[in-house]
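Participant: Okay, here's what each chain looks like letter by letter:
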Amino acid sequence: GAGVSQSPRYKVAKRGQDVALRCDPISGHVSLFWYQQALGQGPEFLTYFQNEAQLDKSGLPSDRFFAERPEGSVSTLKIQRTQQEDSAVYLCASSSTLTYGYTFGSGTRLTVV
Amino acid sequence: RKEVEQDPGPFNVPEGATVAFNCTYSNSASQSFFWYRQDCRKEPKLLMSVYSSGNEDGRFTAQLNRASQYISLLIRDSKLSDSATYLCVVGTGGFKTIFGAGTRLFVKA
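Those protein sequence lines, which keep their order, are chains V and E. Per the numbering used here, the very first residue in the first sequence carries number 1; after that it's consecutive. Per the numbering used here, the very first residue in the second sequence carries number 1; after that it's consecutive.
I should point out that these hints are in silico values taken from the structure, not numbers from a laboratory. Be a bit skeptical, because a hint or two may be false.
To be verified - Stretches of chain E that chain V covers, calculated by requiring three or more beta carbons in the stretch to come under 8 Å of a beta carbon on chain V:
no., region
1, 31-43
2, 88-97
3, 100-107
What the hints assert, rightly or not - Sample of chain V residues with no beta-carbon within 10 Å of chain E, all distances over it, derived:
no., residue
4, R15
5, G16
6, R64
7, F65
8, V74
9, A88
Just so it is clear, CB atoms sit at the ideal spot from N, CA and C, and this is done for glycine as well.
Excised from the complex, chain V in its bound form (with noise of 0.2 Å):
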């Protein structure tokens, strides 16, 4: 496709609920990346995959955090039994390559109540 695309843009979900979140990146992008971004900071890292090899999740902030790609497009960030911390904004970037910056999709919105 043109851009990173996000799936849900909204998600409100009651606490102890499991949630999915998609990414379909740029067609043909080797890197992709998860990020978290809280009201008010800047984007935290996640986890990064280049194609289906998941090659750093350090940032996932907990194991209710799973990250997946297998087949080297598409991806879902799945977490399990959410928390009321866990909301914010979860966008997905990619690249062709990783020294000239990443594309954005427009993030998804989760909410837990």
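Fit chain E to the supplied structure of chain V, relying on the hints for placement.
Facilitator: Same frame as chain V, but now just chain E:
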């Protein structure tokens, strides 16, 4: 100390003014540097990469000082449309890039 630090601002400047932002980073092994722009409730968008020799793109000039571990962004002849949050981004040489919390700029008529 945060890995990437920015003055949160806000910077309030009149149209036509020149404004400069600095950003400091703590990891001396950092290898890539960027400025992103983020409008309210929108995703970050790449403004420019920052090269060791410094680089310019129209009204925007970015510079890197490795010895002092900071990067800067200069905006000349500010426009109303420049109002946004400017994010400093540092790549550590691996896969992780660290974003600063951003500097807010308001350009007023």
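Participant: All hints, please: hold or fail.
Facilitator: The hints, checked one at a time:
no. : hint    : in the structure
1   : 31-43   : holds (count 5)
2   : 88-97   : holds (count 6)
3   : 100-107 : holds (count 3)
4   : R15     : holds, 24 Å
5   : G16     : holds, 27 Å
6   : R64     : holds, 21 Å
7   : F65     : holds, 16 Å
8   : V74     : holds, 18 Å
9   : A88     : holds, 13 Å
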